[in-house]
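Let chain B serve as the given structure and place chain V with the ligands on it in line with the hints.
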Amino acid sequence: MYVHWPFCASKCPYCDFNSHVRREPPDEARFLAAFAAEIAHQGALAPGRTVGSVFFGGGTPSLMQPRTVGAILDAIGKAWSVAPDVEVTLEANPTSVDATRFAGYRAAGVERVSLGVQALNDPDLRALGRLHTAREALDAVAVAQAHFPRSSFDLIYARPAQTPAAWAAELRGAIDRAAEHLSLYQLTIEPDTWFEKLHRAGKLVVPTADEARALWDVTQEVCDAAGLTAYEISNHARPGAQSRHNLVYWRYGEYAGVGPGAHARLVTNEGRIALATERHPETWLALVERDGNATVSREVLSAESQGDEFLLMGLRLVEGVDPRTYEALSGRSLDPRRISALVGDGLIEPRPGGRLAVTQAGFPVLDAVVADLAA
Amino acid sequence: MTRETLDTIRNFSIVAHIDHGKSTLADRLIQLTGTVAERDMQEQMLDSMDIERERGITIKAQTVRLEYQAKDGKTYILNLMDTPGHVDFAYEVSRSLKACEGSLLVVDASQGVEAQTLANVYQALDADHEIVPVLNKVDLPAAEPERVKEQIEDVIGLDASDAVQISAKTGLNVDQVLEAIVQRLPPPKGDREAPLKAMLVDSWYDPYLGVIVLVRIMDGVLRKGMTIKMMGTDAEYEVDRVGVFRPKMQPLEALGPGEVGFITAAIKEVADTRVGDTITESKRPTSEMLPGFKPAQPVVFCGLFPVDAADFEDLRAAMGRLRLNDASFSYEMESSAALGFGFRCGFLGLLHLEIIQERLEREFNLDLISTAPSVVYKLNLRDGETIELHNPADMPDVMKIESIEEPWIRATILTPDEHLGAVLKLCQDRRGVQIDLNYVGKRAMVVYDLPLNEVVFDFYDRLKSISRGYASFDYQITDYREGDLVRMSILVNAEPVDALSMLVHRSRAEARGRVMCEKLKDLIPQHLFQIPIQAAIGGKIIARETIRALRKDVTAKCYGGDVSRKRKLLDKQKEGKKKMRQFGRVEIPQEAFIAALKMDS
Ligand SMILES: Nc1nc2c(ncn2[C@@H]2O[C@H](COP(=O)(O)OP(=O)(O)OP(=O)(O)O)[C@@H](O)[C@H]2O)c(=O)[nH]1
Ligand SMILES: C[S@@+](CC[C@H](N)C(=O)[O-])C[C@H]1O[C@@H](n2cnc3c(N)ncnc32)[C@H](O)[C@@H]1O
Ligand code: SF4
Ligand SMILES: [Mg+2]
Numbered sequence: 001m002y003v004h005w006p007f008c009a010s011k012c013p014y015c016d017f018n019s020h021v022r023r024e025p026p027d028e029a030r031f032l033a034a035f036a037a038e039i040a041h042q043g044a045l046a047p048g049r050t051v052g053s054v055f056f057g058g059g060t061p062s063l064m065q066p067r068t069v070g071a072i073l074d075a076i077g078k079a080w081s082v083a084p085d086v087e088v089t090l091e092a093n094p095t096s097v098d099a100t101r102f103a104g105y106r107a108a109g110v111e112r113v114s115l116g117v118q119a120l121n122d123p124d125l126r127a128l129g130r131l132h133t134a135r136e137a138l139d140a141v142a143v144a145q146a147h148f149p150r151s152s153f154d155l156i157y158a159r160p161a162q163t164p165a166a167w168a169a170e171l172r173g174a175i176d177r178a179a180e181h182l183s184l185y186q187l188t189i190e191p192d193t194w195f196e197k198l199h200r201a202g203k204l205v206v207p208t209a210d211e212a213r214a215l216w217d218v219t220q221e222v223c224d225a226a227g228l229t230a231y232e233i234s235n236h237a238r239p240g241a242q243s244r245h246n247l248v249y250w251r252y253g254e255y256a257g258v259g260p261g262a263h264a265r266l267v268t269n270e271g272r273i274a275l276a277t278e279r280h281p282e283t284w285l286a287l288v289e290r291d292g293n294a295t296v297s298r299e300v301l302s303a304e305s306q307g308d309e310f311l312l313m314g315l316r317l318v319e320g321v322d323p324r325t326y327e328a329l330s331g332r333s334l335d336p337r338r339i340s341a342l343v344g345d346g347l348i349e350p351r352p353g354g355r356l357a358v359t360q361a362g363f364p365v366l367d368a369v370v371a372d373l374a375a
Numbered sequence: 001m002t003r004e005t006l007d008t009i010r011n012f013s014i015v016a017h018i019d020h021g022k023s024t025l026a027d028r029l030i031q032l033t034g035t036v037a038e039r040d041m042q043e044q045m046l047d048s049m050d051i052e053r054e055r056g057i058t059i060k061a062q063t064v065r066l067e068y069q070a071k072d073g074k075t076y077i078l079n080l081m082d083t084p085g086h087v088d089f090a091y092e093v094s095r096s097l098k099a100c101e102g103s104l105l106v107v108d109a110s111q112g113v114e115a116q117t118l119a120n121v122y123q124a125l126d127a128d129h130e131i132v133p134v135l136n137k138v139d140l141p142a143a144e145p146e147r148v149k150e151q152i153e154d155v156i157g158l159d160a161s162d163a164v165q166i167s168a169k170t171g172l173n174v175d176q177v178l179e180a181i182v183q184r185l186p187p188p189k190g191d192r193e194a195p196l197k198a199m200l201v202d203s204w205y206d207p208y209l210g211v212i213v214l215v216r217i218m219d220g221v222l223r224k225g226m227t228i229k230m231m232g233t234d235a236e237y238e239v240d241r242v243g244v245f246r247p248k249m250q251p252l253e254a255l256g257p258g259e260v261g262f263i264t265a266a267i268k269e270v271a272d273t274r275v276g277d278t279i280t281e282s283k284r285p286t287s288e289m290l291p292g293f294k295p296a297q298p299v300v301f302c303g304l305f306p307v308d309a310a311d312f313e314d315l316r317a318a319m320g321r322l323r324l325n326d327a328s329f330s331y332e333m334e335s336s337a338a339l340g341f342g343f344r345c346g347f348l349g350l351l352h353l354e355i356i357q358e359r360l361e362r363e364f365n366l367d368l369i370s371t372a373p374s375v376v377y378k379l380n381l382r383d384g385e386t387i388e389l390h391n392p393a394d395m396p397d398v399m400k401i402e403s404i405e406e407p408w409i410r411a412t413i414l415t416p417d418e419h420l421g422a423v424l425k426l427c428q429d430r431r432g433v434q435i436d437l438n439y440v441g442k443r444a445m446v447v448y449d450l451p452l453n454e455v456v457f458d459f460y461d462r463l464k465s466i467s468r469g470y471a472s473f474d475y476q477i478t479d480y481r482e483g484d485l486v487r488m489s490i491l492v493n494a495e496p497v498d499a500l501s502m503l504v505h506r507s508r509a510e511a512r513g514r515v516m517c518e519k520l521k522d523l524i525p526q527h528l529f530q531i532p533i534q535a536a537i538g539g540k541i542i543a544r545e546t547i548r549a550l551r552k553d554v555t556a557k558c559y560g561g562d563v564s565r566k567r568k569l570l571d572k573q574k575e576g577k578k579k580m581r582q583f584g585r586v587e588i589p590q591e592a593f594i595a596a597l598k599m600d601s
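So the protein sequences, as listed, match chains B and V.
Per the numbering used here, residue 1 is the first one in the first sequence, and the count goes up by one each step.
Per the numbering used here, residue 1 is the first one in the second sequence, and the count goes up by one each step.
It cannot be assumed that every hint is accurate.
Unchecked claim - Computed from the model, here is a short list of chain V residues facing chain B with C-beta under 8 Å:
# : residue
1 : Lys566
2 : Gln573
3 : Glu575
Unchecked claim - Capping the alpha-carbon separation at 30 Å, the derived lysine-lysine pairs in DSS-like fashion look like this:
#  : chain 1 : residue 1 : chain 2 : residue 2
4  : V       : Lys248    : V       : Lys268
5  : B       : Lys197    : V       : Lys557
6  : V       : Lys268    : B       : Lys197
7  : B       : Lys203    : V       : Lys566
8  : B       : Lys197    : V       : Lys248
9  : V       : Lys268    : B       : Lys11
10 : V       : Lys557    : B       : Lys203
Unchecked claim - Some chain B residues flagged as far from chain V (calculated, every beta-carbon gap over 10 Å):
#  : residue
11 : Pro26
12 : Pro66
13 : Asp139
14 : Ala166
15 : Arg200
16 : Lys203
17 : Thr229
18 : Arg265
19 : Glu270
20 : Gly320
21 : Pro323
22 : Arg324
Everything labelled a hint here was simulated from the structure, so no lab data went into it.
Quick reminder that beta carbons are idealized off the backbone N, C-alpha and C, glycines included.
The following block holds chain B by itself, in its conformation from the complex (with noise of 0.2 Å):
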């Protein structure tokens, strides 16, 4: 189950998720009414589920009030079952005043914390335009760490001017302070973000290609010698320690999605149906008050996509996939010719129990990779 709150403190210049700032704050009780029937819909819609996982995402979950939270949950749980372990996660900003609620949320139900950290050192976090400072942040951690069982933070690496020595450093004074799980992404340069128009008038320059691969290589050998090596692409964790709500995700497995700009995959009896509701959130809530649900995109998904989708999924984890799930969704096999290519580039590799997996080496050209066997 996602829930995705859409509200941010500031915007970030290289962000292009759905959050909005507001300069009154949200009226929360709405809000909630309309998550609510939300939730009530789509479990109508796939009825009997047990939920394993729950994550607040956003936007800044972190900004909503501790009982909101609580009452989402409760709502969850009347429209199906919840698993005795479900793993309740709730995405946090790393400031002193969203730390001030942490005890809130654990009492409201929530385990697991992530915190967007993002950076560990001032200059380039106010670069990337973060309200807060590293020590703010790393404090906010260890409140979090005191707070909940189960904990994560974000970097994003592959900033302008990044060297890998730096890099390897920063990265190796995050791990100290990780509890068991960090999630490490390559900044991305987004269409119709302000680091966008920078990056297009030449103002910010990124690394290179070969330069971004270098800190990805560094990435992994700094990760793996502290023993938190990659289980996907850009998530890193102790044994046991897996995020249970994305490998959900990435198992293309089945979830539900509610609040402005959610997504959600349902397998209904008219097949595997993709969900989408409305981005803009003031009309989000109107849709919802209106119709009692804001969908605004349903689609049922032709067996090619569901192909595509289970490939550009799977293939982002270490475990790999099972072509024979891909052959039951697409209703074709991968060609063997193209395994065999890549394999021979040293890219995929077979693995025990007939499953398929982007190598070391394939992670940093995976797009390709899918692409490749995709097509």
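For chain V with the ligands alone, coordinates are given in the frame of chain B:
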């Protein structure tokens, strides 16, 4: 029988270097003689094809009949033929000249004598024409009529003291051109009573009227309803229509000696007519045939393939349609391992190639890939046979070949002195042999013999760029000469790409190969593996580049459950891949085939 002088008729061509103002002068003559009502006038009236109007150049020669009341009080019939200036269409000029007794030689007074001025004036002299020099564009501040007169006298050896100084744009002194035509150009001669003898000057296809034949009557009278015979093809037709161009078609009952006009008959295809043929009356044929013209020979060949294989039949139909109107281009089916089914086409030159390709794409909505332009080689085989090679991919085993001959041209280049060094170097680099070096006023005139194969790719572009647009160029094919030619193949990831193979001179192979490999390196996107690109002669690699394997392309950001966006990107990638040609594991973008052949050095 006597051939009387037809005093009130004048037939003349307008010849000049490209853009010196032939068509504009034709406009003024049409206007001044009141041939077209003022409100129907438009610029470059005779350039009727879209592509001519867009590019502002004449491709097809055009005829128009003017009636002019001269100062001597008599009314004259003037048959004007506007001709193209570009060297690719020199053939159009030569046949127009054969239908006339005189020429107006138009020279841009600000530019002076250029290469095609010379080429065209020599053709006119060969056709025994009287020539009236006309200095055009005297309205331009840069015009130097006195200096240009000197050039005409020095270089061409033509008396320019009576040259008419005009501005075709403003109309200044154009009336003097009309007087000069009447007074200085000779009238045609002919015998009205003799059996019909007419020259088939040109023919083209009109969607409403079918094939239209342009004729010049030498002797006799051509009447509507008459049964005529084409002496070269022995075909007989009944004449449906007879008339003249003003410039719209105007029907008449008959055309008499010295006149130029059109006929239509039940002729199915342009290919049924032979340009230069003699037309006579079936029941009273003439005893002598006109000498005829040498047919236009395609000199540059290339393959044209549809981007989408499903368009092949449409391409075939389009080629057939274009060919109805332009018998100077040829095509035959061809298949390529790389590009599938297409056509091997022959053209008069590179501009002609470009124009045909553009018309196919535009008028017929086709996307085309063209392969390396090539010339026609003569292969002398060990078994004594000689074959013509239009496509390097068809080259037989080298062991069977005794020798290879290639076409040579004689090129005349005029250039401002300061660019002479660069021009000489270019010619020298292209295996040129200097024949002459002279001065035309302040401009150098160089004559070089060059292999056509060194010229077809980009010689003209290079010449223009090294002379900042000031050099002009003209050529004629002269002969075939034996050359140390080899077939260079291009291997991409160790697989030969037939569409990129070419014949080159051994001494130039390495440089060519290197440039090709460098270009392809930039044109082929990075793949997941390293791609060697090699140029080879037989088994020997003469140049090599490597496209490095992709190092990083992933955007593995967190996007939660929103996989739709990624899927759309993947769909786009799949679409893009469809537009590539697959060679083994390598995908080559279509543009690469043409772009790789444009040499910059
Ligand atoms: N200033 C000036 N420009 C002129 C004059 N005559 C022609 N031009 C311009 O020169 C350019 C070429 O004129 P055209 O009449 O198309 O030349 P052309 O010789 O028919 O060209 P091709 O058929 O392509 O060989 C046009 O832009 C005309 O407007 C003139 O007397 N004065
Ligand atoms: C859903 S986002 C936002 C979470 C939270 N609001 C924050 O900013 O801390 C999750 C993560 O994606 C990563 N991210 C966002 N935009 C990115 C970009 N343009 N390039 C790379 N990573 C990005 C950041 O590490 C971020 O923490
Ligand atoms: S806080 Fe997170 S979601 Fe909000 S704008 Fe910044 S990166 Fe985007
Ligand atoms: Mg013209």
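Violated hints - listed by number, lowest first: 3, 6, 8, 9 and 18
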